[in-house]
Amino acid sequence: MLALIYFIILAVIALGAATCVLLSRHPLYGALSLVVSMVSLAGIYGLLGSPFLGVVQVMVYAGAIMMLVTFVIMVLNGARDSRTPMFDKVSLFIIPAVLVLAALVGVALVRAPLGFDAATIRGSVAVTSETLFNVAQGGPGYFILFEVLGLLLLSAMVAAVLMAKKRLGSVDSENVEEKH
Amino acid sequence: MELQPIFIQILALAIFAVGIIVAISRRNLFFVLMGIELALNAVNLSFVGFAKTLPAEASLTGQIVPLFSIAIAAAEACVGFAMVILIFRNRESVDADSYSNMRG
Numbered sequence: 001m002l003a004l005i006y007f008i009i010l011a012v013i014a015l016g017a018a019t020c021v022l023l024s025r026h027p028l029y030g031a032l033s034l035v036v037s038m039v040s041l042a043g044i045y046g047l048l049g050s051p052f053l054g055v056v057q058v059m060v061y062a063g064a065i066m067m068l069v070t071f072v073i074m075v076l077n078g079a080r081d082s083r084t085p086m087f088d089k090v091s092l093f094i095i096p097a098v099l100v101l102a103a104l105v106g107v108a109l110v111r112a113p114l115g116f117d118a119a120t121i122r123g124s125v126a127v128t129s130e131t132l133f134n135v136a137q138g139g140p141g142y143f144i145l146f147e148v149l150g151l152l153l154l155s156a157m158v159a160a161v162l163m164a165k166k167r168l169g170s171v172d173s174e175n176v177e178e179k180h
Numbered sequence: 001m002e003l004q005p006i007f008i009q010i011l012a013l014a015i016f017a018v019g020i021i022v023a024i025s026r027r028n029l030f031f032v033l034m035g036i037e038l039a040l041n042a043v044n045l046s047f048v049g050f051a052k053t054l055p056a057e058a059s060l061t062g063q064i065v066p067l068f069s070i071a072i073a074a075a076e077a078c079v080g081f082a083m084v085i086l087i088f089r090n091r092e093s094v095d096a097d098s099y100s101n102m103r104g
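Top line first, the protein sequences correspond to chains Y and G. Take the first sequence: its position 169, counting from 1, is numbered 169 in my numbering, and each next residue is one higher. Take the second sequence: its position 31, counting from 1, is numbered 31 in my numbering, and each next residue is one higher.
Just so you know, the hints here were simulated from the structure itself, not pulled from any lab data. Each hint should be verified, as a subset may be incorrect.
[Said to hold, decoys possible] Ranges of calculated distance between the beta carbons of each label pair, as one might list FRET restraints:
id	chain 1	residue 1	chain 2	residue 2	range
1	Y	Leu154	G	Leu86	40 to 48 Å
2	Y	Met157	G	Thr61	50 to 58 Å
3	Y	Ala159	G	Asp97	21 to 29 Å
4	Y	Val12	G	Glu57	15 to 23 Å
5	G	Glu92	Y	Met1	18 to 26 Å
6	G	Ala96	Y	Met163	14 to 22 Å
7	G	Asn90	Y	Met157	16 to 24 Å
8	G	Arg89	Y	Asn134	41 to 49 Å
9	G	Ile85	Y	Phe133	29 to 37 Å
10	Y	Phe71	G	Ala96	16 to 24 Å
11	G	Phe68	Y	Leu23	25 to 33 Å
12	G	Gln4	Y	Gly141	14 to 22 Å
13	Y	Arg111	G	Ser69	22 to 30 Å
14	G	Arg91	Y	Phe71	25 to 33 Å
In this text, a Cβ means the ideal position worked out from N, Cα and C, and glycines have one as well.
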């Protein structure tokens, strides 16, 4: 009973913040609403019995990714362009289409028999990390995925740096060099 | 009345729908990327909700895969915002319609 009350509170906060993202005009307000939504989702993870995932959600999503988002919004001063309308006429068709799709999936979900299993493992830090870094011969092998993920993040970082920096030899970079 | 798995799935579905609506119908590029993040979050929540309906080892798998999904979302946000910086520098606009010069 208590779990249901906590879930309803967190769900209302998460959904309300998501709606704020849809309706806010300034991108920075949207980003802050997104942080609220992500933190309440982390609370739901903890409630469901995956505290490690909740902590990762707070650290990586609400911390790192949203910090990057707010940083880029503030660096580019994205609100400077205030002529861009929030919605256009295409939105009138998109919103009912997505709602109908959600209703169809919702009907399919409600008809499916679902129940909590009593034998689920609580994803605590110890259990999760033991499974993740189990390098035994017959183990699950998640550590290989982990290594591949490190490579992916490195390549994404290199790609981002290469794309976002000013081109060497371009007019901008030569002007900067002349000033020095 | 106790907490049922279907409530979690319905919440994930609602957040996913809101995220898709934000990503497709908003014109500001920042909101497009934020909508994608919101939809990815909803998928993670659905993953954990389904994991709790499975017994022992399978439920642990369902709680580890979202970790990888979060890390891939980090890589996606990194590259996505680098592209936004790159294009914004040329166009001085955040309207998604002003980036349509690749249209055939």
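Comparing the hints with the structure gives:
1. Taking the beta carbon of each, Leu154 of chain Y and Leu86 of chain G are about 20 Å apart, not inside 40 to 48 Å as hinted.
2. Hint check: Met157 of chain Y to Thr61 of chain G, Cβ distance near 28 Å, so the stated range 50 to 58 Å is violated.
3. Evaluation of the 21 to 29 Å hint for Ala159 of chain Y and Asp97 of chain G yields a pass: the beta carbon distance comes to about 26 Å.
4. Checking the proposed 15 to 23 Å range against Val12 of chain Y and Glu57 of chain G shows it is violated: the Cβ atoms sit about 34 Å from each other.
5. Taking 18 to 26 Å as the suggested C-beta distance range, the pair Glu92 of chain G and Met1 of chain Y does not conform, at roughly 55 Å.
6. Here the CB-CB span from Ala96 of chain G to Met163 of chain Y is close to 18 Å, well matched to the stated 14 to 22 Å.
7. A hinted range of 16 to 24 Å holds for the C-beta pair Asn90 of chain G and Met157 of chain Y, which are about 23 Å apart.
8. Checking the proposed 41 to 49 Å range against Arg89 of chain G and Asn134 of chain Y shows it holds: the Cβ atoms sit about 46 Å from each other.
9. The given range of 29 to 37 Å is respected by Ile85 of chain G and Phe133 of chain Y, whose C-beta atoms sit roughly 35 Å from each other.
10. Range check, Phe71 of chain Y to Ala96 of chain G: Cβ separation about 21 Å, and the 16 to 24 Å hint holds.
11. One distance hint, 25 to 33 Å for the beta-carbon pair Phe68 of chain G and Leu23 of chain Y, holds here, with the actual separation near 32 Å.
12. One distance hint, 14 to 22 Å for the beta-carbon pair Gln4 of chain G and Gly141 of chain Y, is violated here, with the actual separation near 33 Å.
13. Evaluation of the 22 to 30 Å hint for Arg111 of chain Y and Ser69 of chain G yields a pass: the beta carbon distance comes to about 27 Å.
14. Between Arg91 of chain G and Phe71 of chain Y, the C-beta spacing of about 20 Å breaks the proposed range 25 to 33 Å.
In the structure shown, a violation is registered for the earlier hints numbered 1, 2, 4, 5, 12, 14, in ascending order.
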